[in-house]
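Chemist: One letter stands for each residue in the lines below.
Protein chains: 2
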Amino acid sequence: MESERWLEPLPARLQQQFQFLLEVDRLKTVIRGSRITDGSRKENTAEHSWHLALFASTLAEYAIGPIQIDRVVQMLLIHDIVEIDAGDTPLFDDTTPTTQAKLEQVAAERLFGLLPQDQAEYFQALWTEFEAAQTPDAKFGKAVDRLQPILLNHIVGGGTWTDYEVDEDKERQMTHRIADGSPTLWAAAEHVFADAVRCGWLLPAR
Amino acid sequence: MESERWLEPLPARLQQQFQFLLEVDRLKTVIRGSRITDGSRKENTAEHSWHLALFASTLAEYAIGPIQIDRVVQMLLIHDIVEIDAGDTPLFDDTTPTTQAKLEQVAAERLFGLLPQDQAEYFQALWTEFEAAQTPDAKFGKAVDRLQPILLNHIVGGGTWTDYEVDEDKERQMTHRIADGSPTLWAAAEHVFADAVRCGWLLPAR
Numbered sequence: 092m093e094s095e096r097w098l099e100p101l102p103a104r105l106q107q108q109f110q111f112l113l114e115v116d117r118l119k120t121v122i123r124g125s126r127i128t129d130g131s132r133k134e135n136t137a138e139h140s141w142h143l144a145l146f147a148s149t150l151a152e153y154a155i156g157p158i159q160i161d162r163v164v165q166m167l168l169i170h171d172i173v174e175i176d177a178g179d180t181p182l183f184d185d186t187t188p189t190t191q192a193k194l195e196q197v198a199a200e201r202l203f204g205l206l207p208q209d210q211a212e213y214f215q216a217l218w219t220e221f222e223a224a225q226t227p228d229a230k231f232g233k234a235v236d237r238l239q240p241i242l243l244n245h246i247v248g249g250g251t252w253t254d255y256e257v258d259e260d261k262e263r264q265m266t267h268r269i270a271d272g273s274p275t276l277w278a279a280a281e282h283v284f285a286d287a288v289r290c291g292w293l294l295p296a297r
Numbered sequence: 092m093e094s095e096r097w098l099e100p101l102p103a104r105l106q107q108q109f110q111f112l113l114e115v116d117r118l119k120t121v122i123r124g125s126r127i128t129d130g131s132r133k134e135n136t137a138e139h140s141w142h143l144a145l146f147a148s149t150l151a152e153y154a155i156g157p158i159q160i161d162r163v164v165q166m167l168l169i170h171d172i173v174e175i176d177a178g179d180t181p182l183f184d185d186t187t188p189t190t191q192a193k194l195e196q197v198a199a200e201r202l203f204g205l206l207p208q209d210q211a212e213y214f215q216a217l218w219t220e221f222e223a224a225q226t227p228d229a230k231f232g233k234a235v236d237r238l239q240p241i242l243l244n245h246i247v248g249g250g251t252w253t254d255y256e257v258d259e260d261k262e263r264q265m266t267h268r269i270a271d272g273s274p275t276l277w278a279a280a281e282h283v284f285a286d287a288v289r290c291g292w293l294l295p296a297r
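First to last, the protein sequences are chains A and B. All letters in the first sequence, in the order written, are residues 92 to 297 by my numbering. All letters in the second sequence, in the order written, are residues 92 to 297 by my numbering.
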């Protein structure tokens, strides 16, 4: 984003911060595959990120080990910002993962790079940690990122499961990382899958 | 919300938490007065809450005194959840403040009351603290809640200022609490007002 003329009289650091905050507003226009609970429309990535932050805050007690919930929340608030440039890749889409990863890396550098350097480095490191999914905080963040669409799919009666004709094996394969962050939440997810198969929204394992 | 049959086999505490998380999804359907930056539509309260959490995280250094940014973020994530029952009241609307406050109190009790008691009390206390706007954390949270719509109005060329034919005095009156949380951000807001008057989006003081 080029510098906004009207911001120019502000201190340089504050200009950069405002430009970042106005640019990330575009995440409100990135549309995901999941529907919101009333089924009226698909979810956008900004409101999804808000929902995940609340998921993490409410379900923190089920993390597999000690986590810093404020770091998990920060990760979830920024984890999908790269979709402004790179778009959302539905879980069941065929886009080559390495191509998408490269696009997202470039997007992270551009978007976090709008900020003053210290903040750019802080957010970039947090985003990289989340993507790598190796630390307890990142594992728990990834777990709730996989859990939320499962609950949305069930409440709308199919959602992306019926859109993509997903079977239980495929779904378990795409979401089993929930177990890395929280065995309790994975057990809950498995219960939801079983119920979804019974209801005909998720195909039985082939 | 009545208990969902499909959640019944889960532990009671987890059922309550999932019911809360599914119920608050409805915040995605509460529409505010402000437009998003591309001007294509009005903002919903869920994505607004996400945006405010990022505003607070990015601008924390400008708080008037020491704050705990993780508490401010938590407040902002839940501060408008009551709008699910009580609706959004635009800043320039004529709804009697005491009527709205009562509706929001009842809404807070119902919505946070979906959670296990310890979490219900935690969120209710956080929400009450935010509403009272007396602590440094709540003052800073309120400041960014007032600041964000100012930037959105400017970037879309008027927004709620032109919708409600607002003049600079009225706008300053409705947003001056920014100064209680951050004199630096208030100075920035005053600059934006001056530019908006120059552009004809905000009426000059009468």
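Treat the hints with care, as some may be off.
No distinction is drawn between identical chains; accordingly, a pair holds when it is met within one copy or between any pair of copies.
[What the hints assert, rightly or not] Each computed DMTMM-like pair below joins lysine to aspartate or glutamate, with the alpha-carbon atoms no more than 25 angstroms apart: (1) K261 / D161; (2) K133 / E95; (3) K261 / D271; (4) K133 / D179; (5) K193 / E259; (6) K261 / E114; (7) K261 / E212; (8) K193 / E256; (9) K193 / D258; (10) K133 / D209; (11) K193 / E99; (12) K133 / E212; (13) K193 / D176; (14) K133 / E114; (15) K193 / E222; (16) K133 / D176; (17) K193 / D254; (18) K261 / D209; (19) K193 / D161.
Simulated from the structure, these hints should not be mistaken for lab results.
Chemist: If a hint holds in the structure, say so; if it doesn't, say that too.
Modeler: Here is how each hint holds up against the structure:
For a Cα distance limit of 25 angstroms, the shortest separation of K261 from D161 qualifies neither inside one copy, at 32 angstroms, nor across copies, at 37 angstroms. For the identical chains of this complex, K133 and E95 are inter-copy neighbours only, at 22 angstroms across copies versus 32 angstroms inside a copy, given an alpha-carbon limit of 25 angstroms. Taking the closest pair of Cα atoms, K261 and D271 come within 25 angstroms of each other only inside a single copy of the chain (18 angstroms); across copies the shortest separation is 53 angstroms, beyond that limit. When the C-alpha separation of K133 and D179 is checked against a cutoff of 25 angstroms, the pair qualifies both within a copy, at 12 angstroms, and between copies, at 22 angstroms.
In this assembly of identical chains, K193 and E259 lie within 25 angstroms of each other by CA distance neither inside one copy nor across copies; the values are 30 angstroms within and 47 angstroms between. In the homo-oligomer, the alpha carbons of K261 and E114 never lie at most 25 angstroms apart, since the shortest distance is 36 angstroms inside one protomer and 28 angstroms across protomers. For a Cα distance limit of 25 angstroms, the shortest separation of K261 from E212 qualifies neither inside one copy, at 36 angstroms, nor across copies, at 40 angstroms. In this homomeric assembly, K193 and E256 never come within 25 angstroms of each other (Cα to Cα): the closest approach is 28 angstroms inside a single copy and 47 angstroms across copies.
Taking the shortest Cα distances, K193 and D258 never come within 25 angstroms of each other, neither inside one copy (29 angstroms) nor across copies (48 angstroms). For the identical chains of this complex, K133 and D209 are neighbours neither inside a copy (35 angstroms) nor across copies (33 angstroms), given an alpha-carbon limit of 25 angstroms. Neither within a single protomer nor between protomers do K193 and E99 lie at most 25 angstroms apart by alpha-carbon distance, with minima of 33 angstroms and 43 angstroms respectively. Within a single copy, K133 and E212 get their C-alpha atoms no closer than 32 angstroms, and across copies no closer than 32 angstroms, so neither meets the 25 angstroms cut-off.
Only within a single protomer do K193 and D176 lie at most 25 angstroms apart by alpha-carbon distance; the minimum there is 12 angstroms, versus 43 angstroms between protomers. Both within a single protomer and between protomers do K133 and E114 lie at most 25 angstroms apart by alpha-carbon distance, with minima of 22 angstroms and 17 angstroms respectively. Taking the shortest Cα distances, K193 and E222 sit within 25 angstroms of each other inside one copy (12 angstroms), while across copies they are farther apart (44 angstroms). Taking CA atoms no more than 25 angstroms apart as the test, K133 paired with D176 passes in both settings, with 19 angstroms inside one copy and 22 angstroms between copies.
Neither within a single protomer nor between protomers do K193 and D254 lie at most 25 angstroms apart by alpha-carbon distance, with minima of 27 angstroms and 43 angstroms respectively. In the homo-oligomer, the alpha carbons of K261 and D209 never lie at most 25 angstroms apart, since the shortest distance is 41 angstroms inside one protomer and 37 angstroms across protomers. In this homomeric assembly, K193 and D161 never come within 25 angstroms of each other (Cα to Cα): the closest approach is 28 angstroms inside a single copy and 31 angstroms across copies.
In summary, the numbered hints that this structure violates are 1, 5, 6, 7, 8, 9, 10, 11, 12, 17, 18, 19.
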